[in-house]
Structures are given as C-alpha cells and as structure tokens.
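Visitor: Chain by chain, the residues run as shown.
Number of protein chains: 4
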Amino acid sequence: MHTLRRTMYRVLETSSGKRRGVSLVFNVILITIITLNAIAIVLHTVPEYDRQYKRLFSEFEFFSVIFFTIEYLLRIWVCVENEKYRHWFWGRVRYLVSASSIIDFLAIFPFYFTLFATDLAIVRILRLFRIFRLFRISRYSHAFRLIQRVVTDKKEELILSMTFVFFMLIIVSSVMYYVEHPAQPEKFSSIPATMWWGISAMTTVGYGDMHPITPLGKFLGGLAAIIGIGLFALPTGILVSGFTEQVRSHKTPVKQICPHCGKEIVSSP
Amino acid sequence: MHTLRRTMYRVLETSSGKRRGVSLVFNVILITIITLNAIAIVLHTVPEYDRQYKRLFSEFEFFSVIFFTIEYLLRIWVCVENEKYRHWFWGRVRYLVSASSIIDFLAIFPFYFTLFATDLAIVRILRLFRIFRLFRISRYSHAFRLIQRVVTDKKEELILSMTFVFFMLIIVSSVMYYVEHPAQPEKFSSIPATMWWGISAMTTVGYGDMHPITPLGKFLGGLAAIIGIGLFALPTGILVSGFTEQVRSHKTPVKQICPHCGKEIVSSP
Amino acid sequence: MHTLRRTMYRVLETSSGKRRGVSLVFNVILITIITLNAIAIVLHTVPEYDRQYKRLFSEFEFFSVIFFTIEYLLRIWVCVENEKYRHWFWGRVRYLVSASSIIDFLAIFPFYFTLFATDLAIVRILRLFRIFRLFRISRYSHAFRLIQRVVTDKKEELILSMTFVFFMLIIVSSVMYYVEHPAQPEKFSSIPATMWWGISAMTTVGYGDMHPITPLGKFLGGLAAIIGIGLFALPTGILVSGFTEQVRSHKTPVKQICPHCGKEIVSSP
Amino acid sequence: MHTLRRTMYRVLETSSGKRRGVSLVFNVILITIITLNAIAIVLHTVPEYDRQYKRLFSEFEFFSVIFFTIEYLLRIWVCVENEKYRHWFWGRVRYLVSASSIIDFLAIFPFYFTLFATDLAIVRILRLFRIFRLFRISRYSHAFRLIQRVVTDKKEELILSMTFVFFMLIIVSSVMYYVEHPAQPEKFSSIPATMWWGISAMTTVGYGDMHPITPLGKFLGGLAAIIGIGLFALPTGILVSGFTEQVRSHKTPVKQICPHCGKEIVSSP
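Sequences listed follow chains A, B, C and D, in order. Counting from 1, position 188 in the first sequence corresponds to residue 188 in the working numbering; the numbering is continuous, with no gaps. Counting from 1, position 119 in the second sequence corresponds to residue 119 in the working numbering; the numbering is continuous, with no gaps. Counting from 1, position 69 in the third sequence corresponds to residue 69 in the working numbering; the numbering is continuous, with no gaps. Counting from 1, position 225 in the fourth sequence corresponds to residue 225 in the working numbering; the numbering is continuous, with no gaps.
Bound-form chain A, shown alone (with noise of 0.2 Å):
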C-alpha cells in the first residue's frame, strides 16, 4: 500500500528520480487537458460553436470534472509522501490550504455546486470560476514563476508606486469633476464617474467615450495625460529592473581566466 502510495506520489509530481517517465507523460496529458480546458471554457461562449458543439462541450466538461477530481483525491492521499506534509491528519489538512491545492479545488468545485444550485446569479458566476482551471498550469509554467518571483522581490516598491498611482487618480479626479461637472453633468456626474476617465487618460487608454470639452479640463486633461505617462514609468521601471536582476540571477557567474598567469579572476557582476 505505502509503496504504490509512494509510486503514485513520484507520477504526480514531476521528479527527476524513478518513474519519470509515466510522470512525465501523466504531466504531459493533464497539461494538455487543462490547456484544452482553456479553449473550451473561451470558444463554449461563442453563439455558434455553443449551439453546435453543445453536446460535445458539456460531455468534456463531466470528463475533465471527473479527471481533475480523481486527480485531486489522489493528491491529497499521496501528500504525505512530502516531507513538508507528513502527518497523515495535518499534513494532509496543511496541504489542503496550500495555494496549490486552493488552485486545484477551485477547478472543480464550481461544477458540484452547480449541480444542486438553483440560484441562476450564483450559478452564472460560478461558472467564471472555471477559468480558475488556467491557473493549474501555472504549476508548471515558468513565465509564471519568474513572474511571482519578480512581484515578490520588488513588493515595497510596487506597492509604494501603486499608492501613488491610486492617490493621484482621486486627486485628478477630484479636479477634474468639479472643473467638468457643470459643463457635462451627465458624463462627469460624480467622483467615482470621473475615475473611470481618469484611469483611462492616465494610462493613455484613452476610450473617448469620456472626455473634458471645457478649456480648462482640456489643459487638466492634458496634465492628467502627463503625469500619467510619469506615474506609469515608476512600477514599470520597477518591474523591468526585477526581471533583469532575475534573469541574470540564473545565468553562471561570470568566471575569467587570465591568460598571462592563467589564475582565475572571479568578477562580480
């Protein structure tokens, strides 16, 4: 029992010891039924491809439904083959509020609710939470994890920027209602209204359903354009220095053999 528990486990996470093979190719087809997942979940809500594939949608649905639970049955039972879950009770209960498994959950909950739901509302919103299921392969995709990285190393700054951003935008916007306000009641009709040009403008969107006609939210409006532009250019040079720093991070350091006296010269980077 314990070793086939320990065969399953070594199958379901990708490692490089025995097994690889059967748990590359399990890894191969759940990648594959997620990302097939994906393009179901984006094509069943085109009209036409909905009425005529109907039929075909609903029954991948049930058999992704019925995989993923399987999967995750099995994954809660192997858990404790991880050193990190190893009691056989709270082991398996940390592993089950684990971002991971959260993730796991997510991609099939919605289907069983559904099944005894009777509130539309809910079922409808439910249904947005399958979406959930992209996020699975995130377990796999290093972009993903880079990424993740990169939010993580730079949190102060991000946040420190983002607070900005957010501070400028009610206060642009608090401007900018009470300059248009009086000339266009019906589009600028409150604060919170006039947010959404706000973003829009600051961000260089620019949708032109909501735009100052008065001279004066022109030139606010052409200031909000700017320090938009600004304000942009901090959590963006944040983010790009973050990757760099993480891309480099990964490469070899830097060795230099000199070719005189044939010592090696270790330069920092």
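Hints were generated in silico from the structure; no laboratory data involved. These figures come from a predicted structure and were not determined experimentally. No residue lacks a Cβ here, since even glycine has one placed at the ideal position from N, Cα and C. Mixed in with the good hints there might be a few duds.
Using C-beta positions, here's what the derived DEER-type ranges look like [stated by the list, open to error]:
| hint | chain 1 | residue 1 | chain 2 | residue 2 | range |
| --- | --- | --- | --- | --- | --- |
| 1 | C | T69 | A | F63 | 49 to 59 Å |
| 2 | A | I66 | C | F166 | 27 to 37 Å |
| 3 | B | R248 | D | K84 | 42 to 52 Å |
| 4 | C | V97 | B | F219 | 33 to 43 Å |
| 5 | C | H87 | A | K54 | 14 to 24 Å |
| 6 | D | V28 | B | T32 | 51 to 61 Å |
| 7 | D | A183 | C | V151 | 23 to 33 Å |
| 8 | D | L36 | B | F219 | 25 to 35 Å |
| 9 | D | L36 | B | P185 | 25 to 35 Å |
| 10 | A | T7 | C | V97 | 43 to 53 Å |
| 11 | A | K54 | C | F166 | 19 to 29 Å |
| 12 | A | K54 | C | I125 | 28 to 38 Å |
Fit chains B, C and D to the known structure of chain A by using the hints.
Guide: Relative to the frame of chain A, chains B, C and D by itself:
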C-alpha cells in the same frame, strides 16, 4: 504647563521616545479620519449616496472640521518644542508658513469660509479645496516623500525635458492648425484648440474626438505620435533612474577597498 | 564557363574582392527596383492612381518579375561557388530551401501562379504575397539583421513574457466577459470577442468601439490597463537591453587588467 | 566705426566679457519679444481674440518685424567680428547660410513677401512660417542644445530603428489592407489609407476612426499593437540612454579620497 506642552508635542509628532504608544494611537486615528474624509468627499458626489446619507455626510464633515481645528490649534501651541520653531512668536509664525502647516490650514479653511460666503460659485470652488485634506496623509506616506525627493533631485532635467515637450507641442499644433483648419474649421478652430489634439496625440491617449482627415494632416499626425513617444521617453527615463537611485541609496552601503593601502572604505552613496 | 560563373557570383553577392564596382552598381539597381516595387504595391491600391497609371503599374510589374526571375535563376546557377553550397545538385537544393532563396521565390511565384489561377479569391491572396518583395531588401538592411540578432539572443525571455501576456489576456477577457456580457450582450458577445477589447485595453490603444459600462466592468477595465502597462514593460525592457547589448558589442573591446600579474586582458564581450 | 561694431557684437552675442550687462538686458528683451510673438501667433487664431485685439496683433506684428529686421541687419554687419566669419564678404556670405542666420531670416521673410503676394494660398502658407520665430529661442535654450546633441550622438541607431519602424508599418498596413478591404472598402480604401490606422495602432494612439471588424483583422490589429510597443521601445531606449549619457558627462568626475592613506582614488564611472 510646559510639561503638558511637551507631552502633547510627543503625542502629535510621531517620535520614538516617551509616549510612543499614545502617539501611535493618535496618528492611527488621524489617518483613519483623513481616509474616511477622502471616501466621503468622493462618495458624496454620487447623487444616490448624497440623497441617502446627506445627514451622515454633513455630520461627519462637521466632526472632521472640529477635530482638525483642535489639532491645528494644538500643533501651533506645541510647535515651539521643536528646535526649528523655538521662539514663542517668530517660531510660531515660521511654523504657520511651513508646507505641512499650510496643508493643515487648507483642510479646514474652506468650511469656515463657506459659513459666511454668500456667492455660490465661490462655495463650489472651496468645496474642491477639501480634497487638500487628502494631502495631509502625505505627512505619513513614505511613497509621497520618496517621489518628492526624486522630483527635487531631478528638477533640472525634468524642467529641461518639459520645456522641450511644450516647445514641440506648440510647433506641432501650429503646423497642424494651418494644415487641418481649412478641412475641419470647426474642430481645428484655433491653435489653442489644436493643442488639445496635440497633447492627446503626443501622449498617445487618442480620445478620437479630434483627428486629422487630410492626407498631409494624417502624415503629420503620425509624425506627432512618433515624436511624442520619443519626447515622453525623456521625463520617463529621468524619473525611473531617479527612483532607482533613491531606492538603491537606502540599501546597504557600498564597500570598497583602497588600492593603495588595502583598507576598507565605506562610501556613503 | 566556370570563370563566367565565378564572375557572376562576384557580381550578385556583394563581395569586397574583384568586380566590386560592377557588384555595387548591380546591387544599387536591385535595391532601387525593390523600393520602386514597394511604392508601386502601396500606390496601386489607391483607386485614382490605379485608374490613371494602370498600364504603367502592370508594365512595371511585368518588368520586375522578368528581372527577378532572371536574377533568381542566375543565383541558383552561381550558388555552387559558395563554400556552403558546393555540390552541383545537393548544394543547389540546400540553397533553394535557404531563407533568402525562399524570399526570392515568394517575390516571383505569385505572378506566375495568377497566370493560370481561375479562382479570384486565390488571386487576391497571392497579390498580398507580393509585399514579400520588400523583405528582399532585408538582405542589405543592417537594421533588419540587428533586430534579428536581438530577437534570436533574447528568444527565451521574449517567449516567456509573451506567454504571460497571452495568459493574462485570457484571464482578463474571461472575467470581463462574465461581468459585461449581461449589460452589453451585443458588444461583449463572447470571450474571443472580449479579447479584442482586452488587447486594445492592455496595449493602451483604446479604440473606443468597445468599453465596459458597468461599475465593476470599469474597475476591471482600469485594472486591465494598469496590468497591461506592467506586462508590456517586460518585452520592452528585454528588447531595449538586447538592442543596447548588440550596439555596445560592436564598439571597442573592453580592456581589463589582471590583478594577479598586472598584464592586460582583452575580453571579447 | 570698428569700435562701435565690436561693441554691438558684444551686445548682440551673449558674451562673458565687457558690455555683459547691456548684452544681458538686450537678450532678455529679445527673448521676451520672441515669447510674446509665439503667444500672439497662437492666440490670433482664436476668432474671439482676433476680433477684439485685431489692431493690437497687427501692430505688434509690425513692431516685431521691424525689430527683428534691424537686429538681422546688425548681426550681418557685426558677424565679421567673429573668428569664423572674418572675411568682409565671404565671411558674411557664410554667416548668412549658417543655421541660426537662416532661422532669423525665416522669422522676417514671410512678412515682406506677403506685402507683395497676391495669391492668398501662398499668404496662408507663409503665415505658418511665422512660427519659425519660436525656433529663434533655441539659440538660448539649454534643453534644445542638449536634445540636439543627443540626437546627433545617436543618429545612426535612431535611423536604424526608424527604418525598421517604417518597414514594419508598410508590411502591417499592406496585410491589413488585404484583410479588411473587402469588409470595410470605404475605411480601408487603400494601403496609404490603411497606414493611418497602422501608425495609430502601432503608436497605441488608437483614435477609433478606423478599426478592423473581421476576426482575422482584429487578430492582426492586436499583433500590430504588440509589435508597435516593441518597436517604439527601441528609439525610446536609445534616446533615454543618450540623454542619460549627456547629463552624466556634464557632471564632474567622481573623485574619492581613501580615509586611511589619504591618497586619491579616481573611479571610472
């Protein structure tokens, strides 16, 4: 009396000495009231909330002004405890004209003024002044001080590039006016009116309310966007480098070894 | 015969040896014809020019294809002079499937095909293929080769960040679909349709043909623009650093002195 | 006579020697007149101001031209005092064709020409030339000279990346034309017309007057925006690095003294 003043000073200004606990509690309360004020100012412009919670808003406004007024007067009383404002009269005068004291004053002044003001236009403008209360939080915001330091550091370069942005804006808008005015006399009605298009094109916001329709105008429009991207790259680059320098200078000091005597030099960056 | 082939090879491929003058003249003529082709392809789509200069366009098209065909056949004949394609048969086959030879082929192939094609839809698609002639200029463009090298160098990082961009696009568009679909069922009709809004918001283009109208949708829209600025900062930063590295690596080599023996090390960057 | 010429030369060209005070006063007056001219040119296009202050505008225009003409003639007279334009005839000819002298000429020439011009179209174009007066201020602007130096320094890289931008613009617009023309024959009427969309999409301006509606067109539109962000990152990065280098090169080299042995350490920045 003097002991009381000293105690009050320690409570009002976050210090690391005695009365630290009381000071912390007071400052948390102050930040909470300022934040609630910002939320109230933003939400009271939404007609629904204003109708429903009109009384709550005005009562909270009344309470806030009382609170801020008492705090303002207390700060004037205790400011002489600070080395910088030692003199009982001139010290207080100098404190009154300091940036943070003026912000404190602007946060309460509109309320008292509107009590006596009969002109509604002035009352509306003064209401806008209430968002200055939000700036009071800058006393505590690390982000605000950091940005302030970056802007102060790079003042020259920023003014330099902003001058050039403004210069190009006038040139681009003037040329566009002469090109597009005959084709769209209502939209491109004057150079100042065209500058609204100019700032929207050069910041790449592109609201879409004004855009050239003649071939030459479109060519110029494309050029303006390219010039704009190049131009705004400068202040962006300046701010990013300034921000990076500020963040770096707060990290561990750089160690260096003197090549002449081999001893360590701790350089303050 | 072999001497003629060698001479032709020297003329066709810009070399620094003999026949340099003739080669230069030939290549200038070739670049001129390619540029004129690009101008003709662009201008012949303007109805007025097409009507007025219809005959000139078709005659120039005919002449260009004849010229390119002769040049194409000559290149196949002489390619064996190149060390890489030495063998009289396999060398030529390998030359035919090389990137530059395929571009040469795509520049003439549509013309011959349309002579026999009866289906108008295919003819129209093949006309598009003619812009591949413009890629022929990449043989000479320093810029093109530099960009190519930058992209090759940073391939991994670019794919990494593009994966993440695509991942976020699906997540953002899916959430927005479920939020905005009930309010605007015609515009946000499906997730793929919402992805058009998603890419327009995240790249900050903001055409304005689709934009959220519900408060939650607007909040998400603002968030998407902020996420987008952060996301696109990554490939931007990667490309800029790659470009800088490439430009720098063509400048003077870095000199360094070995700390052990004091002699100079010329490091190839 | 020669002494008078020398004195005039010292007054006209800001020098640090004798007549420094007079020169300063003259130059401040000149900058003021240029700035007032710019304001007048911008404001006289606003119908209301033009009607109200028509006489003031024309009188100021008359006065400015007289002032600039006298200054222009004086500069020609005194230019021989400069080492570079020593010869009484050829020196003056060379001065006349120098960049700053041509700008001075373009600032006054339109006025005299319009006195004799009978064709209104030419008069209108010449009016546009008056904004060249603004360029006269570049003689004094530190920002202008700095930008000029950055652009000169990075000329090669900028041309390189601009070539690539133009290349991609043609490719993207051509493909989009063939894709969208059948669906929107009026908007995407020709490749040059589609290039207006192309530049608007690639610079992320997104006016919204033209946008693809077919699925393939939308896919291409998204791709164009992503390519555009990457492309414009290059000139942006080049300008930022050039600007940083210029600013850095004007700061004093970092000198440091070892606190242990007192010797100087010259660190290469």
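Visitor: All hints, please: hold or fail.
Guide: Hint check results:
no. : hint                          : verdict
1   : T69/C <-> F63/A: 49 to 59 Å   : holds, 56 Å
2   : I66/A <-> F166/C: 27 to 37 Å  : holds, 28 Å
3   : R248/B <-> K84/D: 42 to 52 Å  : holds, 45 Å
4   : V97/C <-> F219/B: 33 to 43 Å  : holds, 41 Å
5   : H87/C <-> K54/A: 14 to 24 Å   : violated, 58 Å
6   : V28/D <-> T32/B: 51 to 61 Å   : holds, 53 Å
7   : A183/D <-> V151/C: 23 to 33 Å : holds, 32 Å
8   : L36/D <-> F219/B: 25 to 35 Å  : holds, 31 Å
9   : L36/D <-> P185/B: 25 to 35 Å  : holds, 27 Å
10  : T7/A <-> V97/C: 43 to 53 Å    : holds, 47 Å
11  : K54/A <-> F166/C: 19 to 29 Å  : holds, 27 Å
12  : K54/A <-> I125/C: 28 to 38 Å  : holds, 34 Å
Hint 5 alone, counting from the list given before, is not met by this structure.
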